[in-house]
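J.: The residues making up each chain are set out below.
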Amino acid sequence: MLILECPCCGVKGEETEFHGGGEAHIKRFGPGSSEEEFHDYLFAKENPRGVHFERWRHVNGCGKWFHVARCTRTLEVFGSYSAQTTEPPQEIRDAITARRPGWRWREFS
Amino acid sequence: MSEAKSALPGARFDGIASVEEAGLNGMITLRGDLDDTALAKALREVTGCALPGPREVVMAGDKGAAWMSPDELLVMVPHGEAEAAVAALDAALGESHALAVNVSDARAVFDVRGSHAREVLGKLMPVDFSAAAFGPGQIRRSRMAQVPAAVWMTGEDAFRVVCFRSVAQYVFDLLKTAASEGGEVGLYA
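From first to last, the protein sequence lines are chains A and B.
Numbering that gives the first Met the number 0 numbers the first residue of the first sequence as 0 and each following residue consecutively.
Numbering that gives the first Met the number 0 numbers the first residue of the second sequence as 0 and each following residue consecutively.
Rather than coming from a laboratory, the hints here were simulated on the basis of the structure.
In this text the structure is predicted, and so the values were computed from the model without any measurement.
One or more hints might be untrue.
Claimed, not checked - List of simulated lysine-lysine pairs, BS3-like, C-alpha gap at most 30 angstroms: (1) K11(A) <-> K62(B); (2) K40(B) <-> K63(A); (3) K11(A) <-> K26(A); (4) K63(A) <-> K122(B); (5) K11(A) <-> K175(B); (6) K175(B) <-> K62(B); (7) K40(B) <-> K62(B); (8) K63(A) <-> K62(B); (9) K44(A) <-> K63(A); (10) K122(B) <-> K11(A); (11) K26(A) <-> K63(A).
Unchecked claim - Quick look at which bits of chain B chain A covers, simulated, 3 or more residues with Cβ under 8 angstroms: (12) 136 to 144; (13) 170 to 183.
For every residue, glycine included, the Cβ atom is placed at its ideal position computed from N, Cα and C.
Using the sequences plus the hints, can you model the full thing?
T.: Take a look at the structure:
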């Protein structure tokens, strides 16, 4: 079970109070992009064993979206942060580095 | 106009805690920028309450306000005054980018009282209801079994539960089961 903290309302709740929204920091490729870009945008998702970034929604609480950094292997949660960003903030990266030195996820490390 | 009726008029159950439908309550959803001073002023004019901080509920007599999310408040007034309160909020908000809507009849309200009230709610919601973690002045939105619900304390061992009216019977049945005689767990004793 995951214990997540919503950065929007400050509630610490277990995962059934929230709803997962898939992989984080996806760049959208819509009309005008190449077939390959659109394909990758739709289907090429990360499936890591270890550090992962996801979007979550506080569906039974304040209703806001946010980001979570967690480990898919141990279910350890490294931290949650605002949805209004295109990359993980430095303090989240530092928190992950403290627990998983040398981690990499897409272009982030 | 037709006579307003609450979701389950007179519904009551007595077990290890009492569960009672709280009748008609005026509820207004107020959405806007909570840092906007016009919004705090409008709230004070209509309810006499100060702006509640995050996860707080503020009551002033039979009126009150609860913090629902970073851009939403639940304004509580007597049921008959809700329409007038919406009009007063609209007038006080003026040009501010905010929205007040009367949702009184979309909600069901229950009171759970008794020395085991914390336990009854703790059985149904993934929330720590120990006295150290949850007390008067706080509001918690979460789920109650399979539906969303909000809870705050109205006094010592007294909780108010708000859910959508469409699931009122479901929530009452849940509370009834959790409050059944012999259902004490003793976690918060």
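J.: Tell me, which hint numbers fail for this structure?
T.: Going through the list in order, the structure violates hint 13 alone and respects the others.
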